[in-house]
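These are the residues of each chain, in order.
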Amino acid sequence: DAKTTQPPSMDCAEGRAANLPCNHSTISGNEYVYWYRQIHSQGPQYIIHGLKNNETNEMASLIITEDRKSSTLILPHATLRDTAVYYCIVSSKAAGNKLTFGGGTRVLVKP
Amino acid sequence: DAGVIQSPRHEVTEMGQEVTLRCKPISGHDYLFWYRQTMMRGLELLIYFNNNVPIDDSGMPEDRFSAKMPNASFSTLKIQPSEPRDSAVYFCASSPMSGSQETQYFGPGTRLLVL
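As given, the protein sequences belong to chains A and B, one line each in that order. For what it's worth, my numbering labels the leading residue of the first sequence as 44, then goes sequentially. For what it's worth, my numbering labels the leading residue of the second sequence as 20, then goes sequentially.
It should be emphasised that the hints constitute simulated quantities derived from the structure, not laboratory data. Backbone N, C-alpha and C define an ideal beta-carbon position, used for all residues, glycine too. Check the hints yourself; a few may be wrong.
[Stated by the list, open to error] Short, incomplete list of chain A residues facing chain B, as computed with Cβ under 8 Å:
{"id": "1", "residue": "G86"}
{"id": "2", "residue": "P87"}
{"id": "3", "residue": "H92"}
{"id": "4", "residue": "N140"}
{"id": "5", "residue": "K141"}
{"id": "6", "residue": "F144"}
{"id": "7", "residue": "G146"}
Please take these sequences and the hints and turn them into a complete structure.
Here it is in structure tokens:
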């Protein structure tokens, strides 16, 4: 069973920030939070990951709450090409870096 | 780097036939993963290898499925005999080995249709 809970879908206006929430209330101390996305008909693509500190890269920012029970992926300026299913996953090296994909959030960026 | 390469990209076969899917991981990556994606079940991990050795095959649905990794640059997923319910998109992913968390890089997938 997936250890995360995400809204099934959300819309976002092009050029605006998209904030994607994820709940992972049962996360353990050695588990990281990963975000992947899957654009239609393509393989999943890594976006970002973090343990407890906020992280930022060229694609997105990851905000993890202090208790680590939830996180938010931020796409700062959404484009039409960001339309995809976004997956929030928790995993640890002890688990062999296995990724268990849930249903994800289907994000539709509208012009 | 060409990324993870999968072949064929599309496969249509008849029930009962043997199907072999192929994957070439990114050079230097020590982990290789096979996933299956369907509308009903989403994206599922079937099996993964570390340094060519199968580590966890608990996701393999049944004995009709088998996977091998004869060397660091090649892996196969075989279905024999195939059934219509095996129709899905099969993804291969690879990941480097290190002391910290590493991400997985996915191939484009093989779309399998069993008639």
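Q: Let me know if the C-beta of A/N140 comes in closer than 8 Å to any C-beta of chain B, holds or violated.
A: 6 Å, holds
**Q.** Evaluation of the interface hint that places A/K141 against chain B, nearest CB under 8 Å
**A.** 6 Å, holds
Q | Interface restraint verdict for A/P87 against chain B (beta-carbon cut-off 8 Å) | A | 5 Å, holds
(Q) Just to be careful: measuring from the Cβ of A/H92 to every Cβ in chain B, is the smallest value less than 8 Å? (A) 6 Å, holds
Q) Can A/G146 be said to touch chain B, with a Cβ gap under 8 Å? A) 6 Å, holds
Q) Per the CB criterion, is A/F144 less than 8 Å away from chain B? A) The hint holds - A/F144 has a Cβ within 8 Å of chain B, the shortest such distance being about 4 Å.
(Q) Holds or violated: the hint that A/G86 contacts chain B, with Cβ atoms closer than 8 Å. (A) 3 Å, holds
Going through the hint list in order, the structure satisfies each hint without exception.
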